[in-house]
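Asker: Chain order of the listed sequences is A and B.
Heads up: the first sequence is residues 1184 to 1337, going by the numbering used here.
Heads up: the second sequence is residues 1384 to 1866, going by the numbering used here.
Warning: the hint list may mix true and false statements.
So these bits of chain B aren't anywhere near chain A, every CB distance computed over 12 Å [unchecked claim]:
1. Gly1486
2. Ser1494
3. Pro1559
4. Arg1565
5. Gly1614
6. Val1866
Ranges of calculated distance between the beta carbons of each label pair, as one might list FRET restraints [as the list claims (entries may be wrong)]:
7. A:Glu1204 / B:Ala1851: 17 to 23 Å
8. B:Arg1667 / A:Thr1206: 39 to 45 Å
9. B:Phe1652 / A:Pro1238: 53 to 59 Å
10. B:Pro1863 / A:Lys1232: 17 to 23 Å
11. A:Gln1265 / B:Pro1863: 48 to 54 Å
12. A:Gly1230 / B:Val1717: 36 to 42 Å
13. A:Gln1265 / B:Ser1794: 55 to 61 Å
Hints in this document: simulated from the structure, not taken from any laboratory.
Idealized CB from N, CA, C, for every residue including glycine.
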Amino acid sequence: MWTSTQRTRLALEHQLLQVHEFTQFSVYHHAAGDTYSASGYASSNAGYKYHLYIPIPAGFPTQRPEMYVTEPNPLLMTGGVQINSLGVSHRMHALTPHACGWVQICHWRDNRWHSGIYLHQVFLKGLIWIEAYEQHISTGRDLADFVRTMAETA
Amino acid sequence: MTMNDPQQQQMIRDAMKAIAERRPGRTKLVYDKTKKTIVAVAEGSEPPRALNITADDADMFGVITLSGQWLRQEWHRLNGSASIAARFTSWDNGDAYTHYELGPQGGPTISECTIALERASEPAPRLRIVLTKVNAVGRAGNTFVATDGSIFVATAYEHQDGRDIPLDVTIAEVQPALSARRAGILETSVLSDRSALFIGLGTGGGYATIELAKCGVRRFALVDPDRLSVGNVVRHPGGISQVGRLKVHVIRDLILEKNPDAQVDVYPFAIAAENMDAIRPLVRAANVVICGTDNRPSKLLINQLCIEENVVAVYGGAFRRAYGGQVLRVQPRVSPCQQCFVSAMPEQAADVEISSPDEAEAIAYSDRPVAVEPGLSLDVLPIANFLTKLALLELLDGKPTSLDVLRRDYSAPWYLWLNRPESGTPYSGMPPLSDSSDEMTINRWYGVGFERDTACPACGDFLNVTAAAHGIDLDSVVIPSKV
Chain A
1184 MWTSTQRTRL ALEHQLLQVH EFTQFSVYHH AAGDTYSASG YASSNAGYKY HLYIPIPAGF
1244 PTQRPEMYVT EPNPLLMTGG VQINSLGVSH RMHALTPHAC GWVQICHWRD NRWHSGIYLH
1304 QVFLKGLIWI EAYEQHISTG RDLADFVRTM AETA
Chain B
1384 MTMNDPQQQQ MIRDAMKAIA ERRPGRTKLV YDKTKKTIVA VAEGSEPPRA LNITADDADM
1444 FGVITLSGQW LRQEWHRLNG SASIAARFTS WDNGDAYTHY ELGPQGGPTI SECTIALERA
1504 SEPAPRLRIV LTKVNAVGRA GNTFVATDGS IFVATAYEHQ DGRDIPLDVT IAEVQPALSA
1564 RRAGILETSV LSDRSALFIG LGTGGGYATI ELAKCGVRRF ALVDPDRLSV GNVVRHPGGI
1624 SQVGRLKVHV IRDLILEKNP DAQVDVYPFA IAAENMDAIR PLVRAANVVI CGTDNRPSKL
1684 LINQLCIEEN VVAVYGGAFR RAYGGQVLRV QPRVSPCQQC FVSAMPEQAA DVEISSPDEA
1744 EAIAYSDRPV AVEPGLSLDV LPIANFLTKL ALLELLDGKP TSLDVLRRDY SAPWYLWLNR
1804 PESGTPYSGM PPLSDSSDEM TINRWYGVGF ERDTACPACG DFLNVTAAAH GIDLDSVVIP
1864 SKV
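Build out the structure end to end from the sequences listed, making use of the hints.
Answerer: Next up, the structure:
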């Protein structure tokens, strides 16, 4: 299923996470199904922990990987509404939620993704999203007020 | 002379043919007021009390077109029986009858026709083609050479109200007739062994397929999951009567309308990572891949496959609202690839049309919908035309052709076209076309060179370059396992 180039790329991605001191995140190999994921716990400035999970798609890196917040789950907005109930939401910069209810963070849209983007950049977007989410919780303002729609970065 | 006079009938036939072809004939038709009938007279003679008949008067006789290839295939049956039957599409209330076997799409009304060898069949059928043996091939289009070398001239009649009304009959030899208009620029069979894979059959992709079919390309593979919608009709080659059909089927039929000998394979599925195993053999079998999709994931997937299979790809697309467009040609590991382009010119790479609900939905949020943007077919076709030219040159690679002189002009990796100075774009301040000789204007193609990224993740040595830049020894990296 995986080409040697993909496996080497994933090894590179794992090591880049360590080099860039994103050591709370790692690429993992799941031997049972010969699948890969990247995940780890992110801590916000306020000290809360969130688990970010990226299942590596078969077409990676050409295909965009999805990033989910698996803990806490469900993830609530101010007022107690679950973010996943919004579906694809610009207000909360969220894409289609996972079947398990996990919120999918909008890091790059499909029409902006390309294979030159590294997983550590994806996790960085996840960290920014978490900070914006906590600002939303504090102020009640939309998460989109705190992050720009992500522009292309080559 | 009477109408039963064979010589007079031949003169009338010759005169009518000359009128129909708008050329001078040796005889002309007149209405003889004394005899109260039409007669043919030799040019120059002036019979008394006659009314000259012009081409406009004669524009009333129907035509019937029969496939010569089909007739040769069926010749053994005709030789062994009094007649054979054939189906014809009747157009325009009987003004034209076209052999159903000529193309893939018949018209709404089908007429049965009897084809006979001289022996008249009784009772007279409504449509009849009679083949009469002659000694030599004439210049007229109604001559047929049978499989045994015998030569026949065809005449046709439509039986109405107890009378036989003559029809102008043509025995169509399709491929020679089609090749005749290309010969000298594209030789008869130069493209017959070349194969083109089309990804996306929207306005541009659909147009490009048909143009290549006209050029003589015979092997097509078409990939597109979409169906033709009513809204497509103002841009797409498919028409309103085709709405609801898969675009691969609509385009297949249009290709066969232009090149009946084409081999067209259709694949109505999307370009997605889960389909890569199905798409890879199609790429491998192609001489060129023509990608007309507007979404980046499919372009990057095709880019990856084409690089891995070492197949040239050409990508074409309109900018938003079709204010302009671009064409990128990728020669794997020689010229910049689609990923190099995205990295080098991200804004141009992201400037695409939103021409369908699917494309709009792909970039919309549920709380921030994106509308399908207008765009004129007129503005897409220059891009499709250029895309086709580039694809044609790739298909001709290694074949001697007079189009080789174009290779110096089509040497850039990326081409830019502008239909109008769209506000909000870098081109809004362009001078008028008539005022500029060397500044950028509308309606000109610009070939733009840029360097291939040797560290490109798709076509370059990305892994080693990146690892070296970060001091990483790839051989020593171990990915941790997790249940």
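Asker: Take the hints in turn and mark each one as holding or not.
Answerer: Verification of the hints:
Residue placement check: Gly1486 (chain B) keeps its beta carbon more than 12 Å from all beta carbons of chain A (closest about 39 Å). Every beta carbon of chain A lies more than 12 Å from that of Ser1494 (chain B), the smallest distance being close to 52 Å; the non-interface claim holds. With a closest Cβ-Cβ approach of about 46 Å to chain A, Pro1559 (chain B) is found to remain outside the 12 Å limit, as its non-interface label requires. The claim that Arg1565 (chain B) lies off the interface holds: its Cβ sits roughly 39 Å from the closest Cβ of chain A, which is beyond the 12 Å cut-off.
Non-interface call for Gly1614 (chain B) relative to chain A: holds, since the shortest CB-CB distance, roughly 21 Å, exceeds 12 Å. The non-interface label for Val1866 (chain B) is inconsistent with chain A: the shortest C-beta to C-beta separation is roughly 7 Å, within 12 Å. Range check, Glu1204 (chain A) to Ala1851 (chain B): Cβ separation about 19 Å, and the 17 to 23 Å hint holds. For Arg1667 (chain B) paired with Thr1206 (chain A), a C-beta distance near 42 Å keeps the hint of 39 to 45 Å intact.
About 23 Å separates the C-beta atoms of Phe1652 (chain B) and Pro1238 (chain A), a value inconsistent with the hinted range of 53 to 59 Å. Checked against the hint of 17 to 23 Å, the pair Pro1863 (chain B) and Lys1232 (chain A) passes, with Cβ atoms roughly 20 Å apart. Hint check: Gln1265 (chain A) to Pro1863 (chain B), Cβ distance near 32 Å, so the stated range 48 to 54 Å is violated. In this structure the supplied range 36 to 42 Å is violated for Gly1230 (chain A) paired with Val1717 (chain B), their Cβ-Cβ distance being about 54 Å.
Take Gln1265 (chain A) and Ser1794 (chain B): their Cβ atoms lie about 57 Å apart, and the range 55 to 61 Å holds.
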